[in-house]
Amino acid sequence: MRYLPQTKAARKEMMDAIGIDHVDELFVQVPKKAFVDGKCDLPDHKGELEIERIMTSYANENNHAQQNRFFLGAGVYYHHIPASVDYIIQRSEFLTAYTPYQPEIAQGTLQYLFEFQTFIAQITGQEVANASLYDGATSMAEAALMAMRITKRSKVCLGNNIHPQYNEVLETYLRNNEGAESYEANESTDAVQDDTACVIIQSPDFFGKPHVYDAWRKICDEKGALLVVVINEIVSLGMLPPPADADIVCGEAQSIGVPMGFGGPHLGFFACRQKYIRQMPGRVCGETVDADGNRGFVLTLSTREQHIRREKATSNICTNQGLCALAFTVHMSLLGEDGFKQLATLNHEAACKLADAVESIKGVKLVNDTFFNEFAIELPEGNNANDVVQALADKNIIAGYPANENTILLTATEIVTDNGINALVEGFKEVLK
Amino acid sequence: MTNPAPLNDNELESVMEINDRTRGLNYDENLLWEKEHNDTAGVDLVPIAGTKSRTGVAQRGNIGLPQVSEPEVVRHFVRLSTKNYSIDSGFFPLGSCTMKHNPRLNEKVARLPGLSMIHPLQPESTVQGAIKIMYELQNWLAELTNLPGICLTPAAGAHGELAGVMTIRRAHDAKGHTQKTIMLVPDSAHGTNPATAKMCGYDIRVIPTKETGRVTVEAFKEALYATDPKGDDIAGMMVTNPNTCGLFETDIADVVDLLHEAGGYFYCDGANFNALVGKIRPGDFGVDVMHINLHKTFSTPHGGGGPGSGPICVAETLRPYIPTPIVVKEGDKYRFERDGERETSCGRLKGYQGQFGMHVRALSYMLSHGADGLKQVSEDAVLNANYISAMLKDDYHAPFEGPCMHEALFTEKYQAEKGVTTLDVAKALIEYGMHPMTVYFPLVVNGAMLVEPTETEGKDELDRFINVMKKIAYDVRSGDTEKFHDYPQAAPVKRLDELKAAREPKLRWQSV
Amino acid sequence: MSNVKYTNDHEWIKVEGDTAAVGITTYARHALGDLVFLELPETGRQIKKGDDFAVVESVKAASEIYTPVSGEIVEINEALQDDLEGLKEDIDTGWIVKIKMNNAEEAASLMDKQAYDAFVAGLE
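Protein chains in written order, with our numbering: chain A, 1 to 433; chain B, 1 to 512; chain C, 1 to 124.
It should be emphasised that the hints constitute simulated quantities derived from the structure, not laboratory data. Keep in mind the model is a prediction, meaning the values are calculated, not measured. Warning: the hint list may mix true and false statements.
Stated by the list, open to error - Reference listing, derived: stretches of chain A covered by chain B, where coverage requires no fewer than 3 residues with Cβ under 8 angstroms from a Cβ of chain B:
(1) 37-45
(2) 84-91
(3) 216-230
(4) 235-244
(5) 418-430
Positions of the beta carbon are idealized from the N, C-alpha and C atoms, including for glycine.
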C-alpha cells in the first residue's frame, strides 16, 4: 500500500475529530445492497518488482517497431523522437499539473500551449489554432459540426479519399443530429449543394497523394460552403504548400513528438480563420497582462465552453491533450525551421527510394505516382493483401496496411534504411505468388 | 551589442531591460520566437540527397518557425516548468478532479518499447500482449463497477459521456422508442452532461436540487412526469453519484426504480468514483451506464489538461449498443471486433482503440493496489474529506448536511459579509503555496468552494491546509481584508487581466 | 403616455407602430459587468415571446436575452458589436434588435417605467 500515507494512528485521530468509531459510519447513506461483501473478487496488492514482471511479460508478447523492418503508416507514423522530449514531458511540473484553471501558478502550461497554438497556426498557414483535440478523427468530426453551426446547413461533402476510420467517427457524430449526413463526391460544381455545410479534403489523402485545393475553394465560395482540410501526416507540411486558403484545418500531429503507442494517446490539432474562433471547439489560450502590466497567459473565450454554456456549448470537450501538445512543442522547437523542412525532405526521399525499389518487383504497381512519404501499391493478381502482410509479419517485416483486397499502403519515414528496403523487397519476392 | 565601457546613467535602464525580470529562482522566459534565430537546428539529421521531388505539388517556402539549439530548448522548457504548480510539488485539493499521486512505475511500464512502439494497425498476431492488457483492464473495470459491458475507446471523461449517451440513444432507437427525447439532468451537474446530451440530440430537463443538494424523489417525480403521466418521453437521467456537492444521493434507489419503470436509463457520471472504488459497486445501485476517468480514480497523470481516458461500463441490457471496437477473447487468442461484427453498436468514436498508454498505466495502478488497496483508497479519500469538513465547519459555511463523501463543499457566505469572495480565498491559498480548491462549482450554491483532498495526502498535509484556511478566515473576521484583493503576490505573475484576453483575443505569437 | 415598456427580465422595449426596439436596462447592464462580446441574430428570423434572440458575454458568463414580444426580427444593431459600451438603456441608440410584432397586445401588457422601478427596488 505504498501510495497511502495515512497511518493507523492518524486515521484514529481523524475519526475522533469527526466523532465516529468506524469509517463505515461515513457511508451510511449508501444503500446496503451496493456494498461489496468483503473485497472485490480481484487479486490483492503487489509490489513494483512483481508488476514490472507482469507488464514486461505482456510487452514481450508484442513485436515492436525496433524489432522489425517497419513500413506501416495509414494515419499513425513511426518517427524518431529526440531524447529531450521525453525528459521534458516527464518533469513533475508538467506531468502532474491540472488544466490551468489558476493561471498565476500555471504559466508554464499556458505558455507552451500558446507556443503550440503558434506552431500549429504557422505550419497550417491558418490564423488561429486551439490548444489541441483528442485525435485526428475526432478533430475532423468537430470541424464538420463547426461548419454546420457556422453555415446552419446539415450536409457534409467528403471530397476525396479520406482515412476510413475518420469517416466512421464522423458518421457516429452526425448520426444524432437531425437531418445531418455525409456524402462522397468528386470535384465538380454539382458536388456542393445548397445545404452543404462543408467540403472535406484530406491531403495527402489516405493513399498518400498530395492535393491542392484551388478548384474546391472556388466551388465552396460559389455555394457558400466552408472548405475543411484534414492532415494526418503533419510532417508533410514541411514540404507541401500549406492549406492557407481553407476555412478550417484539422488532423493528427502524433508524428511530432508522440510515440505510436498502439493508437493513443495521440494529438488532434485544429486551426481556422480568426473570424470563426467563437465557433471553435475546445480550450484556447490567449495572451494578456497581469496587475503589474507584465505579460502572462490565460485560458480565454471560455464562454463557448460547456462549463458556462452547458447544452448550448460549441462542444462537450473540456480537456485538451496537454502533455502530447507539450511533446509536440518541444520536438518542434528542436527541429526549428530548417530541421522541420529537412525532416520532411528526408521522409520524401526515403519514400522515393522505397517506390523505386518496389516498382522493380514483377507485377507490383504504384497506385499513386505522386506522394509524400506514403503510397499505395497494387499486388499482382492472385495475391491477397491481408495474407501478404501477415506472411511478411512472420518474417519480422511490418509491411504496411492492407487497404483493400489487393492494395497495400506503404510508408517510409526517416527511420527506414537501405537494408530495410532491401529486406522488404526480398520479402515481397518470397511471399508474392 | 553590449558596450565594453562602464555604464553611464543613460544606459542603465536599457541594460536592466536586457537583464529582464529574472530574480533568484523566478525566471523570466520569453517566447521561442523572440530568441535569436540560430544558424542550425536543435537536431542533427542526416544530409538530404537531393532526390527529384515526386510530390506533384509546389515546394513549401518560408514558414517562419523559430530555430534554437538543444541547450536553449531544454532550458526554455525547464524554466517554464518552474512556473507550474503540480501534485508532485504540493497539496492539490481541486474538487471533482481527483488530483492524486501519479506513480512513476506507471510511466516506466508505459514506456516499455513493447507497449509504446507498436502500431494500432499491426497484424493482431504481433500485438497479443497489448490486446491482452486491454482485456485485463476490461475485466478489472467490470468487477469494480459490477457492469459487465466495457468499451475502452473514449479519450476523456466528456468523450466517455458521449459514448454512454450515444449508447442509450442507440438502445432506444433500436427498440423504436423515438418518443423518448428528454434527458433529465440535475442543476448541480457538470456542464459536460447537458452539453453531451445535446450533442446526442436530446432536450434537457433540469431537476432542481438547491434545497438539499440532492435529487429528492419529489423533485424527480415532478421532472419525470412533467409532460407525460408515465414519463414515456424520458430517455434517461445523467446523475453524478456521489454528486458534485460531495454527497451520496440518498434517494437513488427509489429514483432509479421510477426511472426504470418509465423505460429510462441511468447514466452515472463517474467523475466521483474515487469515493466508491473497491467498496461500493455502481451496478448495485441501479446504474445502467457509467464512464470511468482513468486519469482521476486510476492515477494516470493529468498532464496539464490531458490526455485523459474515459472508458464506459454498461449493464448487460446495454451491452449490444456500446461503441466499437471492443476486445474479445477466443480460446487463448485476443482480437478486436471486426468492422460490422456488431451491427447494433452506436459506432466508432475515435481513431483506433483508445488511449492505450493510459490503459497500461491504469492497469499498473490497479495491480499495485489490488482489491484490498482500492478499498482502502475510497475509505481514506472519504475520511480525509470528512476530517477537513469537521475541522473547518465553524470557519466556512457548509451548505448541506453531512457526512460528505470524498469532497467537502463550503461557500463564501461568512467571508462575503466582509467583502471577501471565493476568488479571493483561492488567490490567498496560492499566496500560501497551495493550489486552490475548485471554485464557483457546483452552481447550486453561491461562491462554492469544493475541496477534494484524495487518499494520497497524510494528516500532516491536511492539517497544514486546515491551518491556512483557518488563518484566512481569521484575517477576514478581524477585518484585515484589503490584502486579499491583491493576492497572489508571491506567484510568478500577479492576477491576470482576463477581460483584456477575451476582448482582444491574442491567440498566437506574430512578428511585429 | 410613454411607449417604452419594461420586463422583469430587465429588458426595455420601445413601440413605434407595429415595430418594437428591444434593449437591456441599466440594472441588467450593471449586473452583467464588463462585457466582451454580443452575439446577434440574423434578420428575418421569426421569434416567439420568451425565445432568446441574442447573447451577451462577460469573461465568465454568457447571458441570453429573451424577447418580450413575438414577431420577425427586421433590424439588428451591428454597431454595438464594435462598441459594447453602447449597449445600455438609451432608447435611441442602445437597442439590440427591432421586431415587427405579430401581436401588439403582448407589448401593452408589460410594465411601465414606474412599475419597473418599483420591481427593481424590490430586488435590492
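Under 8 angstroms between beta-carbons, do enough residues of the region 37-45 of chain A, three at least, approach chain B for the coverage claim to hold?
holds (count 7)
Closer than 8 angstroms, Cβ to Cβ, for at least three residues: run that test on the region 216-230 of chain A against chain B and report holds or violated.
violated (count 0)
Holds or violated: the region 418-430 of chain A covered by chain B, criterion of 3 or more residues with Cβ-Cβ distance under 8 angstroms?
With 0 residues in contact (Cβ-Cβ under 8 angstroms with chain B), the coverage given for the region 418-430 of chain A is violated.
When I compare C-beta atoms, does the region 84-91 of chain A have three or more residues closer than 8 angstroms to chain B?
Check passed, 7 qualifying residues.
Between the region 235-244 of chain A and chain B, see if three or more residues pass the 8 angstroms beta-carbon test, and mark the coverage as holds or violated.
holds (count 6)
Consistency with the previously given hints fails for numbers 3 and 5, ordered from lowest to highest.
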